[in-house]
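A.B. asks: Spelled out from the first residue to the last, the chains are:
Protein chains: 2
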Amino acid sequence: MGETIYAALLGLGTVGTGVYKVLKSQEAEMSKKIGSQIKIKKILVRNLEKAAAKVDDPGILTNDWKEILEDDEIRIVIELMGGMEPAKTYILEALHAGKHVATANKDLVAAEGRELFDTAQEKNCDFLFEAAVAGGIPIIRPLKQCLAGNHMTEVMGIVNGTTNFILTKMTQEGMEFSDALALATKLGYAEADPTADIEGLDAGRKVAILASVAFNSRVTFDDVHIEGITKITATDIRYAREMGCDIKLLGVARNTEQGVEAYVNPMLIPSTHPLASVNDSYNAVFVHGDAVEDAMFFGRGAGELPTASAVVGDIFDIARNLQAGASGRISCTCYKELPIKKMEDTENCYFLRLQAEDRYGVLAEMAGIFAKDKVSISQLVQKSANQGCAEIVIITALAREGDIQNAIRELEKCEAIREISSVLRVYDNAR
Amino acid sequence: MGETIYAALLGLGTVGTGVYKVLKSQEAEMSKKIGSQIKIKKILVRNLEKAAAKVDDPGILTNDWKEILEDDEIRIVIELMGGMEPAKTYILEALHAGKHVATANKDLVAAEGRELFDTAQEKNCDFLFEAAVAGGIPIIRPLKQCLAGNHMTEVMGIVNGTTNFILTKMTQEGMEFSDALALATKLGYAEADPTADIEGLDAGRKVAILASVAFNSRVTFDDVHIEGITKITATDIRYAREMGCDIKLLGVARNTEQGVEAYVNPMLIPSTHPLASVNDSYNAVFVHGDAVEDAMFFGRGAGELPTASAVVGDIFDIARNLQAGASGRISCTCYKELPIKKMEDTENCYFLRLQAEDRYGVLAEMAGIFAKDKVSISQLVQKSANQGCAEIVIITALAREGDIQNAIRELEKCEAIREISSVLRVYDNAR
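Residue numbers (the numbering used here), protein chains in the order written: chain A, 1 to 431; chain B, 1 to 431.
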């Protein structure tokens with residue numbers, strides 16, 4: 001029933017345990033499905049004792065990387081430790097030893113992808129990372145293969161489940177950010193230190209990877225402008241809904257004539273857009289290409305088994321390549337060097353919420369500032385007024401980020417403006 | 001810049017023209033993307049004159065299949081004629097000649113898949129068909145590769161754009177079926193003879209293919225129970241919405257312990273389900289696997305360029321396999337022989353709309369019939385009563401199709417029941 005192919009797992013945390021379980025559950029039909037039988041020969045863990053309870057045969061556990069690296073029978077290394085080091089060193093050493101690698105490590109792929117892909121290519125090895133973006137949702141392979149006939153102009157989506165859960169609770173139950181975060185922590189959706197999620201860093205890494213694959217040009221984590229959701233209030237969400245929009249933490253990457261723009265930020269999105277109804281911890285990635293037009297991929301963006309589903313898909317692909325003698329069949333597809341557009345040159349509509357003195361002339365003064373900075377106002381609503389202070393919500397027409405920032409600086413200097421409470425971009429799918 | 005690989009197109013209708021255009025638009029970067037350059041050497045058409053206007057070089061047009069079959073330089077045949085013959089003969093002859101095949105032909109794959117796959121496997125040739133299901137939406141490759149680590153238990157969705165457009169118009173504008181069909185015809189969404197769409201045949205073929213790929217066991221068109229949307233009325237849709245549901249033409253396939261069930265039918269689906277908001281001519285496929293849980297794929301299910309996007313993805317994959325010497329790398333994945341469950345043994349909740357005499361005792365009589373046939377009623381609403389006739393809507397609990405059919409036969413014999421206006425299944429995602 002086909003060759004046995006030995007593999008090693010690095011890490012036995014949530015995803016590692018999931019991969020171990022999924023491979024077990026596929027054991028009986030694996031050789032019929034992919035033509036070979038994958039066996040986990042070693043698992044690298046820090047604490048042998050703690051890990052022993054998680055596997056059938058604790059004899060496969062080791063805390064010595066060399067035992068795996070130097071075992072020529074092990075042809076696939078599955079890196080699920082996360083973080084930069086020692087993951088990067090281990091992956092590079094594995095590739096140099098001619099081993100194929102599957103990883104779920106978005107931090108590493110987003111920051112150091114080039115060196116890893118170059119090494120894999122040089123050694124004719126597979127280096128696959130479907131699980132690094134949007135967990136269980138197939139997106140990397142669809143972009144590299146199914147949609148390869150397209151010039152993709154946009155890839156955007158909800159790629160962080162923790163923040164989507166928080167925003168969903170704020171939207172559906174009117175909770176404030178801190179309460180929703182506390183609930184997410186209690187339910188296990190947020191980690192003890194939620195910074196990477198709520199500040200948008202995790203989403204930023206995924207956007208860098210998605211943009212690189214979609215536009216065939218390297219975009220790294222540093223190229224992505226990032227804003228988190230910590231300043232969003234229930235009031236912002238309520239006003240957005242009154243205007244027919246929801247607020248989502250969106251990762252957006254566009255391939256424009258002036259270069260690639262990539263950012264993560266809480267954005268207003270029309271409630272009729274398919275992404276607006278992606279709630280709780282679900283993720284979804286929306287793409288636009290010149291042939292396929294719009295397509296969306298929806299599912300679980302994290303979790304033990306969904307993420308393992310993506311990793312095992314990669315492992316099976318590596319095994320199929322080994323069987324066919326076609327390792328490295330599809331490697332790095334970043335054959336362009338597109339410039340990165342400066343954030344100040346991006347264009348969006350903007351939602352501004354501000355507190356101003358409730359007297360004649362204030363609106364005229366504000367309108368003057370916007371006009372001077374070439375920003376058109378497309379909607380202006382006074383939401384409430386009390387104690388001489390009016391809350392005003394403004395939606396601008398499409399404007400340059402740099403111009404908006406200038407206008408905001410001017411508004412801040414303006415005596416009649418007591419506070420600029422929120423500045424949010426608006427996702428405009430009409431353009 | 002890589003080898004030139006010659007291909008031939010069979011057919012230059014909507015999709016054929018799209019493929020021709022998409023390959024042109026990829027010309028400049030193709031070799032960097034996939035390592036080789038694909039050139040269309042011949043296009044088989046019926047009418048040389050008519051086709052000449054559609055291509056840059058009419059010299060590549062031919063109406064002689066032998067010219068393509070016997071040209072050893074042509075390594076890829078792209079079948080876009082549709083229908084059973086001569087498409088089947090040409091594909092088999094191409095495979096026997098060692099040529100690789102990409103097709104968008106759902107009729108053929110759904111009915112005669114086994115012979116085509118067996119021949120491809122025997123000749124070590126690629127036979128790819130991503131475009132045969134849901135047009136531009138990547139679904140075959142994600143199922144065969146990305147999600148290969150799953151035991152899929154369900155695959156279902158909206159896989160016909162024409163009927164989805166019609167039902168959307170009936171839902172959003174209260175149109176009756178005949179008016180919505182007339183509009184679809186006027187706008188080019190429905191063909192002159194719309195039978196294959198509105199009777200569910202087109203969707204049935206796609207469900208057969210999806211089930212085969214998802215469950216690793218051959219399901220043919222004949223195995224799929226099919227009901228179209230011609231009997232759906234605006235009233236059914238209005239009542240469904242009052243109950244928190246939309247009506248969609250759903251293709252459903254489930255892998256159960258008693259065998260595979262596969263059917264296409266208009267169904268009530270909760271308005272909160274992601275599929276309920278898939279409107280107009282969009283398609284979406286929903287899958288459930290033991291590892292990935294729920295995932296959905298959304299996009300354009302038809303059209304010149306979206307369908308061409310899928311075909312070109314396949315062509316690029318064939319070219320990559322040729323480059324890597326890995327043709328036939330992933331062939332037929334139907335390695336099981338699961339039984340097909342009889343429709344009468346499937347279980348669903350049901351929506352019944354009927355006209356009954358408006359007098360004491362009728363409900364008791366009906367309830368007696370349902371009870372005798374082991375069908376529980378979970379909702380019963382009298383919608384209106386006039387001229388001695390009451391309109392009654394019933395939603396049943398989960399019931400066996402055979403039992404429902406028995407109950408309906410009994411109800412038909414019942415003097416107090418003047419008409420059974422509608423019997424629709426209800427998609428229940430809670431089970």
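Possibly wrong hints are sitting among the right ones.
One copy or any two copies: either way a pair holds, since identical chains are not told apart in the list.
Stated by the list, open to error - In the DSSO-like style, the derived pairs of lysine-lysine whose C-alpha atoms are separated by at most 27 Å in a straight line are: (1) 186 to 342; (2) 21 to 41; (3) 123 to 336; (4) 88 to 374; (5) 33 to 383.
No wet-lab data here; the hints were simulated from the structure.
A.B. asks: If a hint holds in the structure, say so; if it does not, say that too.
C.D. replies: Structure-based check of each hint:
In this assembly of identical chains, the alpha carbons of residue 186 and residue 342 never lie at most 27 Å apart, being 39 Å within a copy and 46 Å across copies at closest. For the homomeric pair residue 21 and residue 41, the shortest alpha-carbon distance inside one copy (14 Å) is at most 27 Å, but the shortest distance between copies (49 Å) is not. Taking the closest pair of Cα atoms, residue 123 and residue 336 come within 27 Å of each other only inside a single copy of the chain (22 Å); across copies the shortest separation is 37 Å, beyond that limit. Proximity of residue 88 to residue 374 under the C-alpha cut-off of 27 Å is found in neither arrangement, the shortest distances being 47 Å within a copy and 62 Å between copies.
With identical chains, the CA atoms of residue 33 and residue 383 are never at most 27 Å apart, being 61 Å at best within one copy and 53 Å at best between copies.
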